[in-house]
Amino acid sequence: MTRLAKLPRAEAMRTVSPLLGPALLVIALVVLSTFTSGSTQRAVTNGLISLVIVIGLYMFVGTSGVLSFGHIGFAAIGAYTSALLTIPLAVKGALLPDLPGFLANASMDGTSAALIAGLVAAIVALFLGMAVMRLNEISIPIALLSFLVIVNVVASNWEELTRGTGSMIGIPRTTGLGSALAWVLVALVAAFLFQQSRTGLKLRGAREDEPAARAAGINIWRERVIAFTASAFFVAIGGNLIAHQLGSIAPVAFYLDLTFTTLAMLIIGGKNCLAGAVVGTFVVTALAEILRHAERGIEVSGIGFGATPGLRQVGVALVMLACLAFRPAGITGGREFVFPPRRRPKRLARESGTGEVDRPASGSSLISAASPPNQQQ
Amino acid sequence: MGFEVAVNALSLGSLYALIALGIALVFGIMELINFAYGDLVMVGGYVILLTHGEGWLFVVGATVVAVIVCAVLMERIAFRPVRGADPATLLVTSFAVSYLLENLARIIFGARPKTVDAFSMLANPVDVGPISTTTLDLVTLAVTAAFLCGLALFLTRSTAGIAMRGAAEDFRTARLIGVRANRVIAMAFAISGLAAAIVAMLLLAQSGTISPTIGLVPALVGFVATVIGGLGRLYGAVIGGYVLGLVTILLQSYLPLSVLPYRDALVFGFVIVLLLLRPQGLFPSRALQERV
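Here the protein sequences come in this chain order: A and B. Position one of the first sequence corresponds to residue 719 (our numbering), numbered consecutively onward. Position one of the second sequence corresponds to residue -5 (our numbering), numbered consecutively onward.
Some clues are possibly wrong.
[To be verified] Some, not all, of what chain A presents toward chain B, calculated at C-beta under 10 Å:
no. : residue
1   : Leu846
2   : Ser857
3   : Leu974
In case anyone wonders, no lab produced these hints; they're calculated from the structure. A virtual CB, placed ideally from N, CA and C, is assigned to each residue, including glycine.
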């Protein structure tokens, strides 16, 4: 990033705007929400937590273009690890009498627990990734789904560690608007730096044209493993935030429902860019919040519709299907937020307006930021 | 004991093979791993729930027709708009369809499991020589054998079947020589729907309960069986199904009690190990190899 100083000001601005744009958007939303009611603030906090997970997911799915149905397994690992490290000792002794010694006596502050939760998930991801990333891009999501099932089965049965299908209670409820926002910003910066890094660029190259990337000597397996590990870290942090928001967790909270919701957020927003992760999370959270009110029953011109649980899920699924059919690159079209807009020849501008993914706007700023400009060499 | 284990493994394997076939048929032609296949099974289950007072022939007929119609509609409404997109998009589309159907069922029928005793007559124990088993196991074996034979005949002897195989081998070339894309894909979904209807009936005869999430396990199993069989090969999917059934029953029969709850984790762990040893599955398909 030191090279930024050597760029002309507008160009430097364009380089960092894919980070600044979403970050400012999120901060603005949070500041606005502090003027609203408690329930709205809770909804915003939920959205921020989802955003941490979605950004984590983006670091793998977005940059590599390979789908994953297994990342929520890391959220579960993060949530349980962090819960085990932070539940007050007295509660823990009563709740989980059979814990191994080092866990039974562990008592940490939230941040260290979060970091350790992320690290544990990242280590699991490193080994899992080294194995799974050898598969092709159709089999990887299935193998990762197997991983999710394994995590769920283990969490539902390992009574000594997780209380099985029962809830783990007594987790300090420390996640608030502020801490969620802080982690979102950390995740945003990390994802941005990652996508500009050598690994990020190689993966995005492989995403667009795998044979060409291989021919250029890119070791796709290695880059995918790195992305997978980094992304697991942040998904686990997200899981840890969930645990500390709810105060109690159960394995069912980290299964297909959350998998679907987070994937929908990423894909509706546009899975190929960081802005997509943010926009998608925002849109889906808002939609889910509206439908959640509708679920309790609505009254239209005197006629009441009964409460219909499941409406929220149906709504999100329909929006996602419509999005896949009519705007497969997502709301953002896979284009990063770039400011100030680059002036382009008219013909080129028209071509890029056809919904093509990740071309002139972000593509060129990406190259100028990551590889040293030729005149410097 | 050995015989019983073998019959159980064959019976469960047959069920898994049927599921895997339903997924592999569609995958061969349009590279779509249909996650929503499990929800076709779920639809079948609810049709049985709604009709189970009638004669069993009517129940069977209604289930088969309803699930096939649902499968073809699914293709027409959800998958046709994204046809030709990359496999990841197709996969995620089917995930969304699955989620949609599951939650629609939740709205219509409620989330609680409901009991159906439509095929309870199949639960009778039967002795075949030295082996004691149930009618259901035998019916499962027979129905699967009949379905496999019928499918094999259809694919090798009928024009439509040959067109389907051609489309699975090379879709573009098949179209160039006159295979109708829409028709052949609808056909694949219809057969897949037939398999789902059979699975629904066998599953309900076995468990006797139906809930919106009943499709989840079949979908997972079918997925995994097709992948370990080698995506794009029908007999690979069938063998994948039997392998998975065998592993499940072996673990079920011989695991110590304390580890038994982890059976599914071990099954899926086995899948990951198998994929590591053979990343392309047991019977890799040539049609899938990327051409540059």
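Status of the hints after comparison with the structure:
no., hint, verdict
1, Leu846, "holds (8 Å)"
2, Ser857, "holds (5 Å)"
3, Leu974, "holds (7 Å)"
No hint from the list above goes unmet by this structure.
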